[in-house]
Structure formats: C-alpha cells, structure tokens
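A.B. asks: Given next are the chains, with one letter for each unit.
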Amino acid sequence: MRNIAYTEAILEATNQLMQKDPNVIVFGLDVDDPKAIQGTTKGLPAKFGSERVFGTPLSEDAMTGAAVGMALAGLRPIHIHIRMDFMLLAMNQLVNIAAKSHYMYGGRVNIPLVVRSMIGKSWGQGAQHSQSLYSFFMHVPGLKVVAPTTPYDAKGCLIEAVKDNNPVIYVEHRILHFQKGYVPQKMYTVGPGKARITSPGKDITLVGISNMQLECQHAKFYLEQVGVEAEVIDPIWLSPLDIATIVESVKKTGRLIVVDNDWVTCGASSEIVAAVIERLPGKSIAVKRMGFAQVTCPPTPALENLFYPNGITIAQAAYDLIEGKKTNWAPTPKDHLQEIEFRGPF
Amino acid sequence: MDKSKLTNFYTSLYKIRRVEEEISKVYATDKIKSPVHLSIGQEAISVGVCEALLPQDVVFGTYRGHALYLAKGGNLNEMIAELYGKATGSNAGKGGSMHLIDTNAGVMGQSAVVGTTIPQAVGYAYAQKYLKTKRIVVSFFGDGAIEEGVFHESINFAAVKKLPIIFICENNFYAIHTHHQQRQANLNIWEKAKSYGAPSERIEGNDIFKIYERVRETVDSLRKGSEGPFFFECMTYRWKEHVGPGEDFHLGYRTEEERKPWMENDQLLKVAQLINPTTRKKIEDQIEKEIKEAFEFAEKSPFPKDSALFTDVFK
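So the sequence lines, in the order shown, correspond to chains Z and P.
Quick note: the first sequence uses our numbering, first residue 231, plus one each step.
Quick note: the second sequence uses our numbering, first residue 231, plus one each step.
FYI, nobody ran anything at the bench for these hints, they're computed from the structure.
Only a predicted model underlies this, so the values are computations on that prediction, with no experimental measurement involved.
Even for Gly, the Cβ is constructed at its ideal location relative to N, Cα and C.
There's no promise every hint is true.
Simulated crosslink set (DSS-like; lysine-lysine; CA at most 25 Å straight-line) [what the hints assert, rightly or not]:
{"no.": "1", "chain 1": "Z", "residue 1": "481", "chain 2": "Z", "residue 2": "393"}
{"no.": "2", "chain 1": "Z", "residue 1": "393", "chain 2": "P", "residue 2": "362"}
{"no.": "3", "chain 1": "Z", "residue 1": "424", "chain 2": "P", "residue 2": "545"}
{"no.": "4", "chain 1": "P", "residue 1": "359", "chain 2": "Z", "residue 2": "277"}
{"no.": "5", "chain 1": "Z", "residue 1": "250", "chain 2": "P", "residue 2": "522"}
{"no.": "6", "chain 1": "Z", "residue 1": "277", "chain 2": "P", "residue 2": "362"}
{"no.": "7", "chain 1": "P", "residue 1": "512", "chain 2": "P", "residue 2": "500"}
{"no.": "8", "chain 1": "Z", "residue 1": "393", "chain 2": "P", "residue 2": "359"}
{"no.": "9", "chain 1": "Z", "residue 1": "250", "chain 2": "P", "residue 2": "359"}
{"no.": "10", "chain 1": "Z", "residue 1": "482", "chain 2": "Z", "residue 2": "513"}
{"no.": "11", "chain 1": "P", "residue 1": "500", "chain 2": "Z", "residue 2": "250"}
{"no.": "12", "chain 1": "Z", "residue 1": "277", "chain 2": "P", "residue 2": "392"}
{"no.": "13", "chain 1": "P", "residue 1": "392", "chain 2": "P", "residue 2": "364"}
{"no.": "14", "chain 1": "Z", "residue 1": "564", "chain 2": "Z", "residue 2": "513"}
{"no.": "15", "chain 1": "Z", "residue 1": "393", "chain 2": "P", "residue 2": "545"}
Not everything, but these chain Z residues come out facing chain P in the computed CB check (under 10 Å) [claimed, not checked]:
{"no.": "16", "residue": "253"}
{"no.": "17", "residue": "255"}
{"no.": "18", "residue": "304"}
{"no.": "19", "residue": "326"}
{"no.": "20", "residue": "327"}
{"no.": "21", "residue": "331"}
{"no.": "22", "residue": "335"}
{"no.": "23", "residue": "338"}
{"no.": "24", "residue": "339"}
{"no.": "25", "residue": "368"}
{"no.": "26", "residue": "369"}
{"no.": "27", "residue": "396"}
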C-alpha cells in the first residue's frame with residue numbers, strides 16, 4: 231500500500247494523462263512558476279515543454295474561452311485556477327459557451343475541458359480566497375462538477391474528468407491538499423454517478439461535501455461518545471449526483487444532515503435535501519442543512535472559526551436531530567481530530 | 231482580378247443579399263422562429279475575407295452571422311431549416327439564427343453575447359500552431375466587441391503566442407442604437423489592436439476588392455510561416471434595423487442621409503457591373519433556384535421530436 235499526498239496524486243494523474251495523450255495540455259496563472267500550484271504541476275514544463283504546459287497572462291475570461299477553442303480543435307485542456315474565486319471572471323465562457331455548445335450546436339461539437347480550482351481556508355484567506363462556487367455550476371446543464379476528498383479520488387476523478395468529452399469543473403480544497411492516503415500507481419478512474427459510503431451506520435446519514443467530508447468523519451467519532459452510529463457519505467461527483475445512494479441510506483436512518491463547504495442558501499446541501507425528500511414521499515424524515523454562516527468569510531480566526539461547521543458542531547446538530555430537541559450536549563474534543571493546521575502565506 | 235474570382239464574389243454577395251431578402255419577406259409569417267440580425271450592407275467583409283481562405287480554414291462569428299456562414303460555404307438548406315426551428319437545421323433546431331454552425335465548412339460558432347467567440351478563435355488558433363496544421367483562423371466581431379475586456383485579453387494572448395489568426399472588426403458605427411462616438415474616446419480601433427503588437431490597419435469604404443487583397447496577402451504570408459496575429463478594421467454600414475427585417479429611421483438615432491452614401495457604394499452592384507450579363511444571369515438563376523429549394527426544404531422538414539429536448543446535453 232502506497233500512501234501519497236492529494237497534491238502528489240494530482241501530479242501523478244496529470245503526468246500519466248500527458249504521457250498517454252499528446253492532446254492533453256495544461257495552463258493557467260502560475261502553473262510553470264517555482265511553486266507549481268502547490269506542487270501539482272511540478273516538473274511538467276521541463277518534461278512536456280512550454281507549448282504543453284504554460285503560465286498565462288492574467289486573463290481568466292479569455293483563457294477560458296481559449297481553452298474552449300482548443301477543445302473545439304481536438305485538444306483536451308486542463309485550465310487551472312489557484313483560487314476558485316477567480317472563476318467568477320470566466321463565467322461567460324463557462325456558462326454561455328462551454329456548458330451550452332454541445333446542445334446549442336445540435337451535437338456537432340463538444341468541449342472536453344477540465345477546469346481545476348482550489349478553495350482556500352484559514353490563515354486569513356478571507357472574502358475572496360475561500361469561496362466554493364460549485365453550486366453555480368451544478369445549476370447549469372452541460373457542466374459536470376466533481377469535488378474529490380481523498381488522494382485516491384483526486385487521482386481517479388482527474389483521469390475521469392480529462393477522459394470525459396464534456397466540460398468538468400474539478401474542485402479541490404486547499405486543506406485536502408495535505409491529506410495522505412492510498413493511491414495506486416496505475417491509471418484508474420472514479421466516475422460520475424457513484425457516491426461512496428465512507429463509514430456505515432444506522433442512526434443518521436451525514437453527507438459531507440469536499441473538506442466537510444473530513445469534518446463529518448470527525449463528527450462520527452464524536453457521536454460514538456453518545457452511542458450514535460452515523461453513516462457518512464461522500465457524493466464525490468456533485469453533477470451528475472448519485473442521489474440513489476443517499477436516498478437508500480436515509481430510508482434506513484430516517485435522518486439526514488448535508489454538510490457543505492459552501493453557503494446553504496441555494497447550495498448543494500439544499501439541492502440534496504430537496505432531492506431526497508422528493509424521492510421519499512410520505513416518509514417522515516428529519517433533515518438539516520449545514521454550511522458557511524450566511525456572511526462573507528472573515529479572515530480573523532476569532533470569527534472564521536464560527537464561519538465554518540466542524541466535527542463538534544456537526545455532532546451536536548446530529549445529536550439534537552436524533553433527540554428532536556436542543557440538548558446542549560457537547561462532545562469531549564479530541565486533539566487528533568483537529569484539522570490539520572494550514573500555515574500561510576499560501 | 232481574374233474572372234473566376236470575380237464570379238465567386240458575385241455568387242457569394244448575391245446569395246447572401248437574396249437569402250436575407252427572402253428571410254425578410256417570410257419573416258412576417260412567423261414561420262421563422264428566431265430573431266434575425268441581418269447582414270445586408272455588410273456582406274462585402276465576409277465575402278472578401280472568406281474568398282481569401284481555404285475550405286479547411288476556420289471562422290468564428292457573431293449573432294449577425296448569416297453573411298459569414300454563407301460566405302464560408304455553410305449549407306443553405308440547413309441554415310433556413312434552422313431559422314424555421316426544424317430538426318434538419320444546422321443546429322438541429324437548438325441554435326437559431328444567432329448560433330449558426332457548419333463544421334464541414336469551417337464555421338465553428340457564433341454567439342449572441344458580444345465578443346464571446348473571440349477567445350475561442352484564439353484557442354483554436356493555438357491548437358493549430360501546436361498541432362502544426364497550416365490552418366488559419368479568422369475571428370469576426372463588431373466595433374462594440376472592442377469595449378469588452380475579453381477582446382483585449384484575447385488579442386494580447388494571440389500576440390504573446392504569435393498565433394495564426396486574423397481579427398476582423400466590422401465597424402458599422404453602432405452598437406444597437408448607440409454611436410461609436412458615445413462609446414469610445416479613440417475612434418481608431420485599429421490603433422488599439424496595434425498597441426498589442428499585432429500589425430493592424432483600417433480598410434475604408436466597405437471595399438470588397440481591398441478587403442480581399444489585403445486578407446489574401448496576409449493569409450499567404452501566414453501560410454508561409456509568418457507569425458500572427460493580424461488585425462483589420464473594416465468600415466461598413468448596417469442598412470436594416472439592429473434586429474428584424476425592417477427600417478429603423480423612425481427611432482431617430484440615425485438618418486437616411488447617413489445611410490445614402492453606403493447604399494450608393496453597394497458592393498453587390500459594383501461587382502455586378504464587372505460581370506457580363508449572361509454570366510450574371512446564370513449565377514442569379516442558379517441562386518434563385520437554391521433559395522427556393524432551401525425554403526421548401528425548411529417548410530417540408532419536421533420539427534424536432536419531443537425526445538430531442540433531452541438529447542445532446544452531454545456527449
């Protein structure tokens with residue numbers, strides 16, 4: 231069993247994809263600089279040349295359009311944004327063109343494009359380095375969206391995304407970059423349409439998206455202190471979403487909390503909760519959505535700690551949902567369940 | 231100018247003009263299920279440029295794209311069927327007039343949002359350079375697109391990477407109803423392009439011969455390995471309203487006097503005078519036949535089936 235970091239898994243996948251297919255090219259701000267996007271593009275320029283791996287002008291809008299044009303011409307571009315917030319500068323090309331071309335042009339063209347981006351957290355990331363905009367993209371037909379949590383899924387989903395003939399929004403969380411885990415050396419894919427039950431349980435279903443998958447795992451351990459067995463699910467692909475796996479779990483547990491690394495309003499958590507309720511007519515289930523506080527992300531740790539759900543607040547919410555009332559129960563904090571500390575500046 | 235080129239000019243100009251005149255006639259019947267932004271008056275640019283290209287070269291355009299589509303060799307039957315919303319349309323009824331495509335003819339896309347196809351053309355050109363094809367890409371847009379940030383980002387990247395692309399700005403003076411002078415302080419659009427390092431020039435008078443000659447020279451040099459990009463600001467004038475088949479002088483934003491010299495300088499008539507009447511008649515008869523057949527094709531074609539609503543979301 232070989233354990234490597236999430237960033238190493240992405241680099242390995244990219245290397246293998248580029249070796250296999252000369253049409254795969256990689257670009258974005260700073261992809262060829264010394265920091266190499268947290269190491270995820272390290273060594274690629276030297277190995278594959280500056281025509282295949284290049285840093286771009288600070289032109290997110292045009293470079294997204296250029297990526298679409300390259301895809302139209304038969305290349306398979308991977309366009310990288312070091313923060314997801316920067317994708318707001320590229321919405322016209324992503325929503326009006328990348329998502330719509332296959333349909334609007336009557337199936338005559340398709341856009342095999344992967345857009346990688348990172349969600350920041352802690353060390354003062356603040357208002358414009360912390361957003362998870364994936365619900366924007368889930369809303370639009372023609373885009374696929376994936377937010378892998380583990381190094382295994384990071385590699386398998388990236389290979390799947392590049393092989394896909396459609397635009398895929400591939401979302402990484404900066405905190406997850408530090409995770410280590412089992413990653414096979416060979417190429418493999420983790421495809422859309424299959425969520426993963428990461429821990430089985432019978433009392434409540436916890437769906438954790440992106441970094442909140444880790445927090446749900448922490449919550450599961452805390453809930454053991456009061457004898458609650460939580461079932462934790464990682465959707466992995468948000469669009470298309472495997473709702474059936476979540477519905478099956480909720481049928482069993484009767485309770486659902488979706489914890490998102492995003493605002494709740496019109497977010498993935500709202501979508502998942504609604505989709506589950508629609509599929510269980512007449513069944514009485516208890517549901518809750520958790521996510522960012524409905525405010526702009528503050529950089530000061532004093533407020534930032536309150537902005538995000540964490541293992542303790544998720545466990546408390548789960549216990550209250552089971553008890554059907556506010557209990558004031560608080561688990562005993564465990565140091566080993568604290569988040570890996572992220573030190574800046576980047 | 232050799233005779234066959236002149237014949238091609240006339241064929242293409244006549245076809246575009248007559249197709250759009252027929253669209254205007256039919257429009258009142260509501261058989262056309264799409265807003266139409268007519269090219270009448272501006273045909274010379276699409277024709278002059280596309281006559282300098284090879285079939286394998288690729289163009290990207292705008293919502294005012296009928297002329298470009300036809301000048302590059304787009305299928306007429308499919309175009310009219312698309313306007314009618316039929317399953318046999320160029321986009322299977324899912325694009326409409328503003329998004330005509332014909333991948334067989336190198337018409338790779340047209341967009342309703344101003345400036346939107348410019349970076350796609352640049353990316354397509356990047357791929358041609360990377361794949362070492364000899365294909366040339368031409369990006370068409372209007373004077374309004376110069377005000378979109380994406381134009382500046384795109385031409386900068388094309389210049390940095392020295393891409394085999396020609397930018398064609400069709401300057402018709404108006405963004406819908408707002409004059410160029412109200413929108414830009416420096417009215418020399420070509421100068422802005424030049425500042426990014428792209429050889430740039432203005433071609434006055436909607437002059438098909440000049441446009442063809444300059445673009446052909448540019449295409450030749452790109453094909454021989456010169457580095458792009460190149461930029462042409464082609465002065466022209468839209469005869470009809472922004473969208474729809476009618477006139478719009480009653481709105482008061484422009485006058486018939488302003489249009490008059492452009493109509494007197496009609497490139498279709500100018501080219502017609504250089505072709506002998508027998509040849510001209512032959513061309514016209516052939517095109518009239520094609521247009522009649524295209525409208526019949528559209529009339530007879532079926533609408534898409536209900537199930538088509540959900541096809542082609544993903545490949």
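A.B. asks: Hint by hint, say whether it matches the structure.
C.D. replies: Hints, one by one, checked against the model:
no. : hint            : verdict
1   : Z:481 <-> Z:393 : violated (34 Å)
2   : Z:393 <-> P:362 : holds (23 Å)
3   : Z:424 <-> P:545 : holds (19 Å)
4   : P:359 <-> Z:277 : holds (20 Å)
5   : Z:250 <-> P:522 : violated (51 Å)
6   : Z:277 <-> P:362 : holds (20 Å)
7   : P:512 <-> P:500 : holds (18 Å)
8   : Z:393 <-> P:359 : holds (23 Å)
9   : Z:250 <-> P:359 : holds (21 Å)
10  : Z:482 <-> Z:513 : holds (11 Å)
11  : P:500 <-> Z:250 : violated (56 Å)
12  : Z:277 <-> P:392 : holds (23 Å)
13  : P:392 <-> P:364 : holds (14 Å)
14  : Z:564 <-> Z:513 : violated (36 Å)
15  : Z:393 <-> P:545 : holds (12 Å)
16  : 253             : holds (8 Å)
17  : 255             : holds (7 Å)
18  : 304             : holds (7 Å)
19  : 326             : holds (6 Å)
20  : 327             : holds (6 Å)
21  : 331             : holds (7 Å)
22  : 335             : holds (5 Å)
23  : 338             : holds (5 Å)
24  : 339             : holds (7 Å)
25  : 368             : violated (14 Å)
26  : 369             : violated (14 Å)
27  : 396             : holds (5 Å)
When the structure is compared with the earlier hints, violations turn up for hints 1, 5, 11, 14, 25 and 26 and for no others.
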